[in-house]
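Sequence order for the protein chains is A and B.
Count along the first sequence from 1, add 499, and you get the number used in this note's numbering.
Count along the second sequence from 1, add 862, and you get the number used in this note's numbering.
Among the hints, a few may not be true.
Only pairs whose alpha carbons sit at most 30 Å apart, straight line, appear in this in silico DSS-like list of lysine-lysine [as the list claims (entries may be wrong)]: (1) B:LYS913 to A:LYS620; (2) A:LYS653 to B:LYS974; (3) B:LYS943 to A:LYS653; (4) B:LYS922 to A:LYS620; (5) A:LYS620 to B:LYS918; (6) B:LYS974 to A:LYS644; (7) A:LYS604 to B:LYS943; (8) A:LYS659 to A:LYS644; (9) B:LYS943 to A:LYS620; (10) B:LYS951 to A:LYS653; (11) A:LYS1282 to B:LYS974; (12) A:LYS604 to B:LYS951; (13) A:LYS604 to B:LYS974.
Negatives, chain A to chain B, calculated, CB over 12 Å [claimed, not checked]: (14) LYS620; (15) LYS1070; (16) GLY1176.
Treat the hints as calculated values from the structure; they're not laboratory data.
Virtual Cβ for every residue (Gly too), placed ideally from N, Cα, C.
In case you want the letters, here they are:
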Amino acid sequence: MPKDHGIGASSKRREDVRFLTGTGRYTDDINLQGQAYVHFVRSDVAHGTINSIDTSEAENMPGVVRIFTGADFAAVGSIPCGWQVTDRFGEAMQEPAHPVLAQGKVRHVGDPIAAVVAETKEQARDAAEAIVVDIDELPAVVNMKEALADGAPKVHDDLKSNLCYDWGFVEDNKAAVDEAIKNAAHVTTLELVNNRLVANPMEPRVAVGDYGFANDESTLYTTSQNPHVIRLLMGAFVLNIPEHKLRVVAPDVGGGFGTKIFHYAEEAFVTFASRALRRPVKWTSTRSEAFMSDAHGRDHVTKIELALDADNNFTAVRTETYANMGAYLSTFAPSVPTWLHGTLMAGNYKTPLIYVNVKAVFTNTVPVDAYRGAGRPEATFQLERVIDKAARELGVDPIALRRQNFISEFPYATPVAVEYDTGDYTATMDKLEEIMDLSGFEARRKESEAKGKWRGLGVNCYIEACGIAPSNLVGQLGARAGLYDAATVRVNATGSISVMVGAHSHGQGHETTFPQVIAEMIGIDESQVDIVHGDTSKIPFGMGTYGSRSLAVCGSAMVRAAEKVINKAKKIAAHLLEASEADIELKDGKFSVAGTDKECAWGDVTLAAYVPHNYPLEDIEPGLEETAFYDPANFTYPSGAYACEVEVDPDTGKVTIEKFAAADDFGNVVNPMIVEGQVHGGIAQGIGQAMLEGAVYDAEGQLLSASYMDYAMPRADDLPFYIVDHSCATPCTHNPLGVKGCGEAGAIGSPPAVVNAVIDALASGGKNVPHIDMPLTPHRVWKAMNA
Amino acid sequence: MELADSRVINASPDIVWAALLDPEVLKACIPGCQEMEGSVEDGFTAVVVQKIGPVKATFKGNVQLTDIVEGQSCKIVGEGKGGPAGFAKGGAVVTLAPDDGGTLLTYDVDAKMGGKIAQLGSRIIDGVARKLADEFFQKFQNVVEGPEEDEVAADASEETVVKKGFLSRFRKS
Chain A
500 MPKDHGIGAS
510 SKRREDVRFL
520 TGTGRYTDDI
530 NLQGQAYVHF
540 VRSDVAHGTI
550 NSIDTSEAEN
560 MPGVVRIFTG
570 ADFAAVGSIP
580 CGWQVTDRFG
590 EAMQEPAHPV
600 LAQGKVRHVG
610 DPIAAVVAET
620 KEQARDAAEA
630 IVVDIDELPA
640 VVNMKEALAD
650 GAPKVHDDLK
660 SNLCYDWGFV
670 EDNKAAVDEA
680 IKNAAHVTTL
690 ELVNNRLVAN
700 PMEPRVAVGD
710 YGFANDESTL
720 YTTSQNPHVI
730 RLLMGAFVLN
740 IPEHKLRVVA
750 PDVGGGFGTK
760 IFHYAEEAFV
770 TFASRALRRP
780 VKWTSTRSEA
790 FMSDAHGRDH
800 VTKIELALDA
810 DNNFTAVRTE
820 TYANMGAYLS
830 TFAPSVPTWL
840 HGTLMAGNYK
850 TPLIYVNVKA
860 VFTNTVPVDA
870 YRGAGRPEAT
880 FQLERVIDKA
890 ARELGVDPIA
900 LRRQNFISEF
910 PYATPVAVEY
920 DTGDYTATMD
930 KLEEIMDLSG
940 FEARRKESEA
950 KGKWRGLGVN
960 CYIEACGIAP
970 SNLVGQLGAR
980 AGLYDAATVR
990 VNATGSISVM
1000 VGAHSHGQGH
1010 ETTFPQVIAE
1020 MIGIDESQVD
1030 IVHGDTSKIP
1040 FGMGTYGSRS
1050 LAVCGSAMVR
1060 AAEKVINKAK
1070 KIAAHLLEAS
1080 EADIELKDGK
1090 FSVAGTDKEC
1100 AWGDVTLAAY
1110 VPHNYPLEDI
1120 EPGLEETAFY
1130 DPANFTYPSG
1140 AYACEVEVDP
1150 DTGKVTIEKF
1160 AAADDFGNVV
1170 NPMIVEGQVH
1180 GGIAQGIGQA
1190 MLEGAVYDAE
1200 GQLLSASYMD
1210 YAMPRADDLP
1220 FYIVDHSCAT
1230 PCTHNPLGVK
1240 GCGEAGAIGS
1250 PPAVVNAVID
1260 ALASGGKNVP
1270 HIDMPLTPHR
1280 VWKAMNA
Chain B
863 MELADSRVIN
873 ASPDIVWAAL
883 LDPEVLKACI
893 PGCQEMEGSV
903 EDGFTAVVVQ
913 KIGPVKATFK
923 GNVQLTDIVE
933 GQSCKIVGEG
943 KGGPAGFAKG
953 GAVVTLAPDD
963 GGTLLTYDVD
973 AKMGGKIAQL
983 GSRIIDGVAR
993 KLADEFFQKF
1003 QNVVEGPEED
1013 EVAADASEET
1023 VVKKGFLSRF
1033 RKS
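Bound conformation, chain B alone (with noise of 0.2 Å):
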């Protein structure tokens, strides 16, 4: 299955790169995920619970990233393993470009499936994934670029705690 895809993030390119190593941002950010501890040197353990079609599977697995060019670009190559509902590899190359003060933020995803998922229909799995990936890059692009004032007040729900944690390490550093 392939994908690919981009969107405008109303950062800088920067603060985007720092967050997509942000092992706290990804799991705040990919749909599903229950835990997701590691670093980018030794890569990521991640356990995800994902329902597709009829078929709802936890999957657990790795995230790797390699072919780091700092502040442009990384490949994220990552398998998931879901016991009886098959398994899920794959990777995705994300490219980072100034774009009129922003970041472009570019994505070709080409992934595999296996077992039960696979036997599914790659209809169904192409329109999930498709989806699933919209859902992490709004999420993410919500989390990079940072709430409303107002929101930060009246909204303490987990994402807008991760938005704050993340922006406020990322002033630090």
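This is chain A alone, in the form it adopts within the complex (with noise of 0.2 Å):
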């Protein structure tokens, strides 16, 4: 019988009351008492050097208040990264600076260059129209192999090249891992394109600055995933404010999938201009601007070598990629292929030997950074489809390669320096081939060949590292902050609570799942608890959400606070039954003493906490309220196996996705019901990954697909009914709540699946064809089955 509450039980989504009925407060929803409005001027051209910007029209247009450009920002701080990679010499990465407006040149189509604040947003957007920009246009750079070429144009003058770094890992395996693939029985090569991404969450980035002259403080409505982060990195490295003088409040957001942990020039922009202005200033992107200045994601392109012996075994792993860092740094853009992407890179594999090489590269295109699975679904896509060109080429089944080489002890510590703590690579594939009726393939693809479709298969598995991060470790890796969470357990005289938790919740369902943990612990209705996110001043402090890590880190901190809350509470208790504290037990809201039937409520102590007429005060302080910070001792590995089942039609190139099963390990689950959506949702996005989306250049940097014309999303009828499963549960074994997180897996774990489904169904069409790079359209499929 499923649980009907706390820990376990699919508690309805309880945000989807205000979600489902309009009354959801999104930044757009926010308007303040005399706001005015900005519009910015960006730049048409990827490249090139400002002459000048003539402004004298649009001043005396109606309604403007003032327009801003860059010199108005030249003694402002440059927009900061926050993580510093080390290259293969030992040299720090090439930093160039990031103004929040542009300083004597612009690097992508979509770079802000003057800004227009009016009374009215149609206003700004008129006199921004009357700037004119005169810009002597450079020649640009899209192209990452051709960006390292001598000569090549550079993104920056003053930087050396358009190599942001060159990174070897681990560097000191390198030559066993080149003499292994010399001597292997077997080497399978692949090239693949890692196609870049938009992320196009539903709500568009908004910014809103709020400048108090009397008490100099500002304050920030963003659409942020993280709030603190936003703090940090404006307050301390842009315009100078300290902390106590600045706010931030991310209220609803309408999803974030990575593009919204940054700091954005855009969230500078208003927060200065209001202070300048002294009213506030608000600012919502057209959808046209998301496209050109979200930062996008993906965009590598990768050689990998799997070394095989005479039986098959995995002997090493050698990578050569090209990530695009876009025109600048953005907030985590050096991390994603580098540590969220060479660690990953033994997969679920006891591979020993493995050296990835990556070069990050500046192009004139828009910065590229984390998007939901950030670094781990490029190492995935690249290990499981060359895992299963392998498999083709050596005439094996590629489940059985897969099975032969996975890792089974635990703990793991893998060649590339993080260690697995627990999984079981065997039971998530033994419970997919259940799942997905594997035995009944052959009777399908017949079904399938009598309508004149070739049907594929496609099975993968995949690893990532969540719950980021170890503060330690991720300050030794570069980071510029510490990855620890907070919150506080705030017990209310009468017994509810409110838990301030530094985890944003976009979409994840925070505000179910963690009052099921906190109402699990003391045994009240979950109805009792509220939580309480983003928002810099109600909050303790919290690096967000981002890499599948609220529960994991942030649920931690909450239980580790609400541990503190039930042990002073037993004191309290304890004063109250005339009892040892040693002898006070909590259950279903009650506190008792052992081996009697003296009880009293949680009601009954909590009151006494605030009410204090009865109370040790001698030893304890009244109230009832406890703050909790908690870093995680490594990385949290959920896992799993995926299986795509596909439709080609041999005329046309065009594929249909049949069936699609996972099988996850998220450890223990708090929520069934918002575990599977966050598994389709991220399946969703892996599919249109695969299948549609694709953000395309032309060779002069215009930015060709920056409309939903040209930019296909994942619709209803693109996706299959998903058979998902999380029952091959391995809990994690260094937090409290054993759990790994969800948010990210099905979109790590997915496009391989199809991928590698596509490829099969051409297979049993007589056509060999080794690969096809993402999107699959039915115009690249019928190429390559043509070729």
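Join the two chains into one complex using the hints; note that each chain is given alone, in its own frame.
Printed below as a string of structure tokens:
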């Protein structure tokens, strides 16, 4: 019988009441007295020198309050990067300045040049259109390999080249890996592209700056996954505002997928302009702006080699990846192709020798940073594609080849620096075979053939490092912040509880799941617990939501704070019950003395804490509120096995996804329904990447796919019914809840399954196509099968 | 974006060539052309209002004629700035060859778009460009081939006036 409350119950998402009734409060719903509106003038060339910005006509247009250009920001700090990668020669990465408004040069289409603040949105836009920017266009670099060629135009004149870093991991293993590949019985090589994506959250970015002259306090309302990170980056590095004078609020946020982690120029602009003008300033991104100013995702070009011995054991993996950084370093961009990618190249397999080389490259394109999965989908895709290709080349069953090479003993220290604490890859593969009904595949293939379609089956595994991350470790790896989290459990006098958490909920359902945990620990009804998030003035601290970390890291902080609360409450209960603290038990919201019938209710204790008439004031303070910071001891390692069946139309190359199953190991699960929803959404994005999505630049750096006419998002009829299972749970060993994180798994695990399935379908039709780059549009598939 | 086509014009290469270099003819034939000034030697400046998908904009630009092989071929190079709509620039190589009493006009356009019009997607732009090129050369053909007799009498539209003007000027020279 499934639980109906607490940990393990599929409690309905309480936040959906407001989301589904249109009563959410998003940043764009915030309208302040006297607010002005900003419209940005953005570059329509990819690379150029600004000769002049003529604002004379615009300044006299109706409603214009003030026009800002780069000159106004000359003394303002650069938008900082939060992670410094050290290259394989021990040198720090090349790190260019990233101005709020362009300083003399534009470096990508969409780079902000000037900003008009006016009384209305329309007036700001009209005036922006009257600004004449004279730009001498320079040759642009778009292709990463061309950007690294001698004599290529430089994105940043003050850098040595367009190479951000040349990273080797593990550099000490390089010679041994080279040797193993040379001596291997078989080497499978695959060159592939991990296509550039645009996150496209339903809610575009919005920022409202509000400066209070009387107390010299700035407030920024923004569409962020992590308000404290924005306060830190913008306050300390860009605008020089101390924390106590800067409040950052991220109210309801309509989806983030990574692209709302980062600190953006527009946030700094509205905060700065509000101070300068002494009135609130608001910016709401249009969808077109979102395409050319939200950080993009992925965009790796990789060559991977997998070496096997004569018994088909993996002996070495060597990769060479070009990772696009775009024109500037976005907040966490350098970490994505390195520490979030190289460390995952062992996958689920006991490959003893691994060497990963990544060249991060500046180009005249929108900056690229973390997008759902961030580095881990890129790692999974190349590894699971090359294994499939190896199986095909060797004529062995791809599932058997994987099983043979699975890591089976835990903890397992990979040759790429991470230690997996738990997992059972055989169990998830067994489960996958069962829920996918793999034994029925051949019959289904025949049915498809009878309809004139080629059916293919693709299977893959994945592993991810989530619960980001141990601070001392990431500090050594170049992070310029700690990655702990924090929570305050505030028990009110009548026993209800507010939990202030550093994680931000923008679709993940924290408002439902976090109270489930507290309710379980104390034994009270979930409705007695609310969480508060998204406001630096209300929550203790927090590094926010990304990297499937909320429950594993912030949830652990919450558990630690709740444990402190319970310990104190037991002391109070011991006093009330005239018993020894050691004998007090808390169950179902009641304190009792072990072995007796003496008890008192949760509410009696909480009331005593706030009305301390009969209270041990000499020993304990009144009140019942505790804060905990939690720094994880390790990453968590969710893993799983995914399968996809497709039909390919031999006449047109059109692919339809017929069946899709996911067997995940997320450790313990707090709310199975929400976990399933997260997996569904992740798979939809993974299928989107595999089948439809792709940001396309022309050779001059014009973004051609900058609207939904040309950037195809997955729709309901592109997606199958999913079969998902998370019953193979090996709980995380180092966090109190035993949870691993589920937010990114679907997006990480699904693209290789789709591509493997299409390759298999083509093979069944007699077309031996080694690889097709995503997205697998009918055009690409048809071209590949008719090559 | 690349665009290549040809059409046969029922006039001698000399007449077609002269028309191609005549700002009045160009003004009349370029779809949406509001102003056109200048000369072959110094280049032309033009103002063109055009609608591409949902974007309507006034393009201000200049046009140069280069690589002139008298009476045979030239390259028309231009750049237009549409303000917030973006920009377009490119070139068209136009070649004339005698064809059974008429002229075979071949054009090969290579154009680049930036800003909003690029972001709308090349599939729209290709279609629009093809339509504009068709429209231009259709009008050009009409002007050069001259009006039918009854058309001159009945129609005093700008295009017909230009046709008459062009033909009479050409016959005088």
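Taking the hints in turn, this is what the structure says about them:
no. : hint                  : in the structure
1   : B:LYS913 to A:LYS620  : holds (24 Å)
2   : A:LYS653 to B:LYS974  : holds (22 Å)
3   : B:LYS943 to A:LYS653  : holds (26 Å)
4   : B:LYS922 to A:LYS620  : holds (26 Å)
5   : A:LYS620 to B:LYS918  : holds (20 Å)
6   : B:LYS974 to A:LYS644  : holds (23 Å)
7   : A:LYS604 to B:LYS943  : holds (19 Å)
8   : A:LYS659 to A:LYS644  : holds (16 Å)
9   : B:LYS943 to A:LYS620  : holds (24 Å)
10  : B:LYS951 to A:LYS653  : holds (23 Å)
11  : A:LYS1282 to B:LYS974 : holds (26 Å)
12  : A:LYS604 to B:LYS951  : holds (21 Å)
13  : A:LYS604 to B:LYS974  : holds (21 Å)
14  : LYS620                : holds (15 Å)
15  : LYS1070               : holds (64 Å)
16  : GLY1176               : holds (33 Å)
No hint from the list above goes unmet by this structure.
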